[in-house]
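Visitor: Protein chains in written order, with the numbering used here: chain A, 1 to 254; chain B, 1001 to 1307.
There could be a bad hint or two in this list.
[Unchecked claim] As a list, the in silico EDC-like pairs of lysine to aspartate or glutamate whose alpha-carbon atoms are at most 16 Å apart:
{"hint": "1", "chain 1": "A", "residue 1": "Lys-122", "chain 2": "B", "residue 2": "Glu-1090"}
{"hint": "2", "chain 1": "B", "residue 1": "Lys-1193", "chain 2": "B", "residue 2": "Glu-1207"}
{"hint": "3", "chain 1": "B", "residue 1": "Lys-1193", "chain 2": "B", "residue 2": "Asp-1149"}
{"hint": "4", "chain 1": "B", "residue 1": "Lys-1193", "chain 2": "B", "residue 2": "Glu-1047"}
{"hint": "5", "chain 1": "A", "residue 1": "Lys-89", "chain 2": "B", "residue 2": "Glu-1150"}
{"hint": "6", "chain 1": "A", "residue 1": "Lys-138", "chain 2": "A", "residue 2": "Asp-93"}
[Claimed, not checked] Covered stretches of chain A, going by a simulated chain B footprint (3 or more residues, C-beta under 8 Å):
{"hint": "7", "segment": "17-23"}
{"hint": "8", "segment": "78-89"}
{"hint": "9", "segment": "106-119"}
{"hint": "10", "segment": "146-160"}
{"hint": "11", "segment": "182-192"}
{"hint": "12", "segment": "202-216"}
[Unchecked claim] If the Cβ cut is set under 10 Å, some of the chain B residues that face chain A in the computed set are:
{"hint": "13", "residue": "Phe-1076"}
{"hint": "14", "residue": "Val-1088"}
{"hint": "15", "residue": "Asp-1127"}
{"hint": "16", "residue": "Thr-1144"}
{"hint": "17", "residue": "Gly-1180"}
{"hint": "18", "residue": "Gly-1236"}
{"hint": "19", "residue": "Tyr-1264"}
{"hint": "20", "residue": "Asp-1267"}
{"hint": "21", "residue": "Gly-1281"}
{"hint": "22", "residue": "Leu-1285"}
{"hint": "23", "residue": "Asn-1287"}
{"hint": "24", "residue": "Val-1290"}
Keep in mind the hints are simulated off the structure, nothing from the lab.
From the three backbone atoms N, C-alpha and C, an ideal C-beta is built for every residue, glycine too.
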Amino acid sequence: MTATTEELMVFAASQEIRDGNTVFVGTGLPMLAAYLARATHAPDVSLLFESGIVDPNPTHLALGVGDFRLMHGATSVRGLHYVLGLLQKGSIDVGFLGAAEVDRHGNINSTIIGGTYRHPGKRLPGSGGANDIASSAKSTVIMCLHRPERLVDRVRYVTSPGFLGGNDEREQSGLRIGGPRMIITDLAVLRFHPVTRDAYISSIHPGVDPATVIARTGFPIEVPSDVARTPAPDDTTIQLLRGMDPGGVYLRGR
Amino acid sequence: MSKVGTLEELVDLVKPGMSISFGGFAHSLTPLAFVRELIRRDIRDLELIGIAEAWAADMLAGAGSLRKIVFSNFMFEGFGLCRNFSRVIETGAVEFEDYSHFALASRFSAAGLGLPFATVRSLLGSDLAGSDDGVQRVRHVDFTSPFGDERVMLLPAASPDVVVIHGHRGDEHGNVQILGATAVIEEQARAGKTVIATVEQFVDSAEIRATPNHTVVPGLLVSHIAEVPYGAHPTGMFRLYDADYDHIRQYAEASRDPAAFAAYLADVTTGDHQDYLARLGVRRLLNLRVDPHFGYHLERTESGWRA
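Extracted from the complex, chain A is given alone in its bound form (with noise of 0.2 Å):
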């Protein structure tokens, strides 16, 4: 049995998750990557919702976080500012984001693509959640796209603060703990050089050419001869995952 391209993805982001963890969680990826870390390694792990839902057991797969397929088997239904405050106040260890595109230093926008922040050539939905989450969480998953006008050298606008330009920038900015841990794409993992604040390439998707890798990268990137294959979920774990999805609403990729 082999994982498809989200299986992988969701798989890695679920390694991120530690037993005992409180995690803020959107919809999707992320969603299934939480749910797979506490069916496996991770049984004490807590989810957090924006729209106000403390760790739910949903029976049906929810379609966004305002489903209400979300509220069941829930310890607390509160509100927004509730859960956002929890995040504030430093409760969250990893916080998953999603990205219309990110750059090199971890920065994400999801507020406009091409034009000005005034005058934008296609105004996105906004920041919700997500800077509250990039300021806040201990340390953040980034997924996205692997494409060159997604992965970029520096985003046209900053809804969600990564290390800014690098080195200690974020700090400097007043954001004292956390940051971007990790960008999950469709073809490769990328971590951040602990001084520069640079990403680099931790690793490479099973079957994908580092070629690939390079040219589908916004900015200049090395892929090392003898760089690590993402590890792949056995058949055990990839039957669990596609049990919880078993419409394809989220793995569409099979």
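Dock chain B against chain A, hints included.
Guide: Positioned in the frame of chain A, the structure of chain B alone reads:
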């Protein structure tokens, strides 16, 4: 003085030029019968201060009702962009200010506590706190704590002229009960200068007093209340009726094109709320009924019940 009125009487309280905020989160809890009545009356020049009420934002943007949008994120979960909202920003038809969810909710929270400003860590270092031509995009002060050296953002309190919420149950005193997650309704209701509620059902106050944990907004905060069944449609009410995903699909399609959207709006604002429900039809409303155990709609198939 009775707080009870009709939907029409409640909408009378909204005047052109006012700032307004609505309850709701994604495809739930949104007072859309109220929004349709606002659009039917063509009340314009409104300043929306909104966090999670994507439906209210997109309908009012598409109707040309908004002068300004102060917000943190509007999207249709599972259905992509709020296209009317995106369009009015892209064409420069409205003024706008971007916040994060927590920053804007905290502005409401500060107003609800009677304080002049909110303190948050969000926005530090980001372009939300940037400026254009020397003018701050959102008013803020990057502040160093006098009790240490930690940096925080100070943001002005936000108190909308009118806050409109929709709840599951209420009474003549304005008490509003909500089941499930409560979005930003607590903070909005505490921040609003005038708070208007529509509810699915009026109940005797004795029932409210017997279940006080469900009262998200106590009546002392609410000045006007009306009973408006299915008042959130096509968004849903947890444990009462699910979101109408067929309708949402039609809306998303219509909103791709201004002319198609104008036709949609003309259709849903013809007549009053009872006419709207009558056009939807009994069959459609019955199909939104929820499973009593899960609180959302399940369909029965040959292989069992399916969400």
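Visitor: Each hint needs a verdict: does it hold in this structure or not?
Guide: Going down the list of hints, with the structure as the test:
Distance hint between Lys-122 (chain A) and Glu-1090 (chain B) is fulfilled; the C-alpha atoms sit about 7 Å from each other, no more than 16 Å. Note on Lys-1193 (chain B) and Glu-1207 (chain B): the hinted pairing is violated, with a Cα-Cα distance of about 28 Å set against a maximum of 16 Å. A hinted pair counts as satisfied when its Cα atoms are at most 16 Å apart, and Lys-1193 (chain B) with Asp-1149 (chain B) does not qualify at roughly 35 Å. As the CA atoms of Lys-1193 (chain B) and Glu-1047 (chain B) are separated by approximately 14 Å, the hinted pair is consistent with the 16 Å bound.
For a cut-off of 16 Å, the pair hint linking Lys-89 (chain A) to Glu-1150 (chain B) stands: about 13 Å separates their Cα positions. Of the pairs offered as hints, the one joining Lys-138 (chain A) and Asp-93 (chain A) holds, with about 5 Å between alpha carbons and a cut-off of 16 Å not exceeded. Using a Cβ-Cβ cut-off of 8 Å, 0 residues of the segment 17-23 of chain A lie near chain B, which falls short of the minimum of three, so the contact claim is violated. Only when three residues or more bring their CB closer than 8 Å to a CB of chain B does the claim for the segment 78-89 of chain A stand; here the count is 8, and the claim holds.
For the segment 106-119 of chain A, the proposed coverage by chain B is satisfied: 4 residues have a C-beta within less than 8 Å of a C-beta in that chain, meeting the threshold of three. Taking a C-beta to C-beta cut-off of 8 Å, the segment 146-160 of chain A contributes 4 residues in contact with chain B, enough for the three needed, and the coverage statement holds. Counting residues of the segment 182-192 of chain A whose beta carbon lies closer than 8 Å to any beta carbon of chain B gives 0, which falls below the threshold of three, so the coverage claim is violated. Counting residues of the segment 202-216 of chain A whose CB falls under 8 Å from any CB of chain B gives 0; the rule of at least 3 is not met.
A least Cβ separation of about 9 Å between Phe-1076 (chain B) and chain A falls short of the 10 Å threshold, and the interface hint therefore holds. A least Cβ separation of about 9 Å between Val-1088 (chain B) and chain A falls short of the 10 Å threshold, and the interface hint therefore holds. The interface hint given for Asp-1127 (chain B) holds, since its Cβ lies 4 Å from the closest Cβ of chain A, which is under the 10 Å cut-off. For Thr-1144 (chain B), the interface hint holds, since its Cβ comes within 10 Å of a Cβ in chain A; the closest pair sits about 8 Å apart.
For the restraint placing Gly-1180 (chain B) at the interface with chain A, the shortest Cβ-Cβ distance is roughly 5 Å, inside the 10 Å limit, so the hint holds. Satisfaction of the interface hint for Gly-1236 (chain B) is found here, the shortest Cβ-Cβ separation to chain A being roughly 7 Å, below the 10 Å cut-off. Here the hint on Tyr-1264 (chain B) is broken, as its CB sits about 21 Å from the closest CB of chain A, past 10 Å. A least Cβ separation of about 25 Å between Asp-1267 (chain B) and chain A goes past the 10 Å threshold, and the interface hint is therefore violated.
Interface restraint check for Gly-1281 (chain B): the shortest CB-CB distance to chain A comes to about 23 Å, outside 10 Å, so the restraint is violated. Here the hint on Leu-1285 (chain B) is broken, as its CB sits about 17 Å from the closest CB of chain A, past 10 Å. Hint status for Asn-1287 (chain B) relative to chain A: violated, with the closest Cβ pair at about 15 Å, above 10 Å. The interface hint given for Val-1290 (chain B) is met, as the beta carbon of that residue sits about 8 Å from the closest beta carbon of chain A, less than 10 Å.
Violated hints for the displayed structure, listed by number in ascending order: 2, 3, 7, 11, 12, 19, 20, 21, 22 and 23.
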